[in-house]
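Student: Residue numbers (our numbering), protein chains in the order written: chain A, 32 to 269; chain B, 14 to 630; chain C, 264 to 421.
If you're looking for bench data, these hints aren't it; they were derived computationally from the structure.
Among the clues, some could well be false.
What the hints assert, rightly or not - Which residues of chain B face chain A? A few of them, derived with a C-beta cut under 10 Å, are:
#1 220
#2 281
#3 331
#4 487
#5 503
To be verified - Derived coverage of chain C by chain A (criterion: at least 3 residues anywhere in the stretch with Cβ under 8 Å from a Cβ of chain A; other residues may be distant):
#6 303-316
#7 342-350
Glycine is no exception: its CB is placed at the ideal position from the N, C-alpha and C atoms.
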Amino acid sequence: MSQTVTLTIDGRQVQAEAGTTLLEAARSVNIQIPHLCSNEELAPYGACRMCMVEIRQGQRTRLVASCIYEVEEGLEVQTVTERVLNVRRLVIELLLARNPTHPTLLKMAADLGIEKTRFEVEVKGCILCGLCVRTCREVVGVSAIGFEGRGTSRRVTTPFNEAPPDCIACGACATVCPVGVIPLKDKAGIRTIWKTDYPLQRCESCGRIIAPVKQLEYFAKITNQPLSHFTEHCVHCR
Amino acid sequence: MKKIKSAAELNALQEELNARLDPNKPCIAICCGTGCMAHGTRNLVERFQQELADRQLTEKISLRRTGCHGFCERGPMVVLHPQKIFYQRIKVDDVPEIIDKTILGEEIIDRLLYRDPVTKEKVVHEYEVPFYKKQMRLVFGMNGMIEPTRIEDYLAIGGYGALAKVLTQGDPQAVIDDISAAGLRGRGGGGFPTGRKWNATRKAEGSPKYVICNADEGDPGAYMDRSLLEGNPHSVLEGMIIGAYAIGSSHGYIYVRNEYPLAVENITLAIDKAREMGLLGQDILGSGFDFDIVINRGGGAFVCGESSALFASIEGRAGEPRAKYVHATDKGLYDKPTCLNNVETWANVPLIINKGAQWYAGIGTEHSKGTKIFSLVGKINNTGLVEVPMGITLREIVFEIGGGIPKGRKFKAVQTGGPSGGCIPEAHLDIPVDFDELSKLGTMMGSGGMIVMDERNCMVDVAKYFLKFLEEESCGKCTPCREGIYQMRKILDRITNGEGKLEDLDTLEWMGQAIKDGSLCALGGSAPNPVLTTLRYFRSEYEAHIIDKKCPAGVCKALITYGIDPDKCTGCHACARVCPTGAATGEKKEVHQIDQEKCIKCGACYEACKFDAITIV
Amino acid sequence: MQEKIAHIIGKYHHDKGFLVPILQDVQKEFNYLPKEALTTVGALLQVPLSRIYEIATFYRAFSLTPRGKHQMSLCVGTACHVRGAPIIQDGIERVLGVKAGQTTADLEFTFETVNCLGACALGPILVVDGEYQGQMTLSKANKLLKKLGKKVATDEED
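Only chain A is shown next, with the shape it has when bound in the complex:
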């Protein structure tokens, strides 16, 4: 049985089901909280810290990540306070130091009144939101990529920076990346991702490209169907 909770977000009364995050509850009444690492298909992670909001608990207020914090009866939430804005300004400037040109980041910065970062820029592209790694693990279910190292040396990569043995070339990581820094290329029946070439399967009926062979093999394995089930017809000619 789900239970309904009433709380206040930016002065507005909001009703939400217990277990909903503050980010979702706010979105339901069209209050937009900027965020980068949250995705409804994935377990809450709370790494980018763009979505911080200020909550009141008795006399004290504190900042929490709205993508993780769940609604509570009577909770007072402020999504735009000076403390909140300071964290967001810091976060976006820090991320711009890694990736100073991506439109998504520049737009978020502009919304906070920031044109460029005051920090020394070292272009790395990736902002380490972890969406790719988590999608590969939680949605695709293969764990082909992961993190390497820790602290400032943390990177997203394949094991030993080599061709990833568990990758099915599905390309979900590239699709989900908010700053488009995972290269994926389909050319002449070959998909190149993570510096590795994967043959693409053509539909045995109409000849259109369906998906990487490895991906279809993986589907066959987890659904316990013969591979032919996926290669005989594609969506277009089924």
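Here the structure of chain A is known, so what remains is to put chains B and C in place on it, guided by the hints.
Tutor: Using the frame of chain A, we list chains B and C on its own:
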């Protein structure tokens, strides 16, 4: 040894073992803590064994290899019982003389005595040494009385009596009430009330419930947990078993740093022995209560001292913290109710049960009860571990117990709370040491590192040091901690290179607050503290780096030059011999020079000069 | 290699929760974590390689490259820092020609720094092949390196 089946059997065994202790039998207690071992105690033990055997005294004189005594500065050391004669800085060749003269002949060997640097007087007995006099060694003091590898020793001094007591009473809630009434707060850093944590875990729904000992002592400059685990592992076990009983847990873990091999060894042995004797495992002391403990070794990650990262590590993952909007007492290890306390907290538990909550609450300040063990290190005469009642002043610790600053230099700051803490200046040395007073100063109790700094330590450099430390130890998950600390450190790099701007200081303060507010876990949430406290108390030092391009303490390489004071130089050539680049030159017996072009400021000449002739400006 | 790893994993009852201690034991066995060893651990425990690689690169105790014959670990904890560990670090790096965390090309020395060894009273501490050497100085470090066969560029006499 035989399995003990009831509290009554345990009491009988304790009495039997205690009766075997002859208070008048001479006993040589050798400190075998890590510090003393590094000073060569292993050879000392062997020599004592051999000399006693040669004289056929093995039966008459006992030799006790104890854990750390705390006064690491003066190791290797022995205490000769029953008189408690204290000999320090002993060499292997002193052994025959100690046996023949002092133990057999009752003659004191003057040169092995400790000399009080203040009064210049020699001290004969351990209890008269100023280092120990002001201490209150309730938890740590037992180290000197037992051999950590012998459970019999612990039993003989009443060990596991507190466990027997709570099992006999049979009221877990009463145990929690006692711990609450005693006012015990977590010794790992945050100072959360232990009783409240136990209660929450007891009340939480879900099973199994876990009890964990956090022995991932990662704060640089702190080693009290190591010395407790090495020196008195059973006290930690006893505390954990009592806690598990109170909470209703049957599964325990000890998460210990792999960098502490002796601690791992001793605690492993202690668990085996306790299990063998029926103090761990099924039906403990015939009470029907089951509890067992597994050891998990860490992999060298400071962040794993943080509870959710520690759980991740035990679960076999990288030590990444999770947001703690649900308490570990509800959802901790494997998402089950978990009570995590650190080594020293657990070791306090038997004491409270034995002596009573009221007695314990009588020690300390209003909101911080009992004692705290600190590692008093850095620029201090008496380095070592000290256990003091809460409420003692920092000045008493630094100047009375610690004996002040070496080489007659001036005190500058004491750093507490590890990388989460801050630097306290002279002006605040008279505050009573407790959880809340330290927080008010912008630092924290932490696990108990107390690093003393003198005028030759640069506070900007110290702040940079901590940021560098945290930069390496940050797990890298959340942006403010991973990128923020890095960028703060780059600003400090610029300042220590003489390229800083005054507005950098405002940026640092602004970033510090936002990083504290925005970080996911306590590591990032407290990471700016060393910068913020040094900015608060030592701002002029930052300004000297920025405006005058000088490092007043003579530390920051880019802002200093090495020179030679012609009045002090004797021409001994020591500097020239050690200089790796040939920058220091001169004819023997004549004043030497340093070629600034060649000098790489490595500090070798400064270290080598015995006449204080090397200048750093 | 397979057998040795299977034996180690058996000691921990194939429990994935002991992945960190298992890798510690594997490293102890082979002096570092060879790639094949990690692949084997993953296969035996049924843990994806990306997870194992993550752990092996997250914890500082692990090394993916062979370590030198002699291990030198300098404590850079706070107590050692304020007593001059950075000067010693610079000195050792200069003599060995490698940075902390690296191994000399001849595989003779691995030099690393440790964020506190918990023997703070003895600072600065240098651990040479498992032996704690307290109250370290530049010249003591140089002497130790010389003893282990390294040429040190000063004309200091012993």
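Student: None of the hints should be skipped; say for each whether it holds.
Tutor: Structure-based check of each hint:
1. 220: violated, 22 Å
2. 281: violated, 28 Å
3. 331: With a minimum Cβ separation of about 7 Å from chain A (threshold 10 Å), the hint on residue 331 (chain B) holds.
4. 487: holds, 4 Å
5. 503: Holds, because the Cβ-Cβ distance from residue 503 (chain B) to chain A comes to roughly 6 Å (cut-off 10 Å).
6. 303-316: This one holds; 6 residues, not fewer than the three required, reach chain A with a Cβ under 8 Å.
7. 342-350: violated (count 0)
Comparing the model with each numbered hint stated earlier shows that hints 1, 2 and 7 do not hold.
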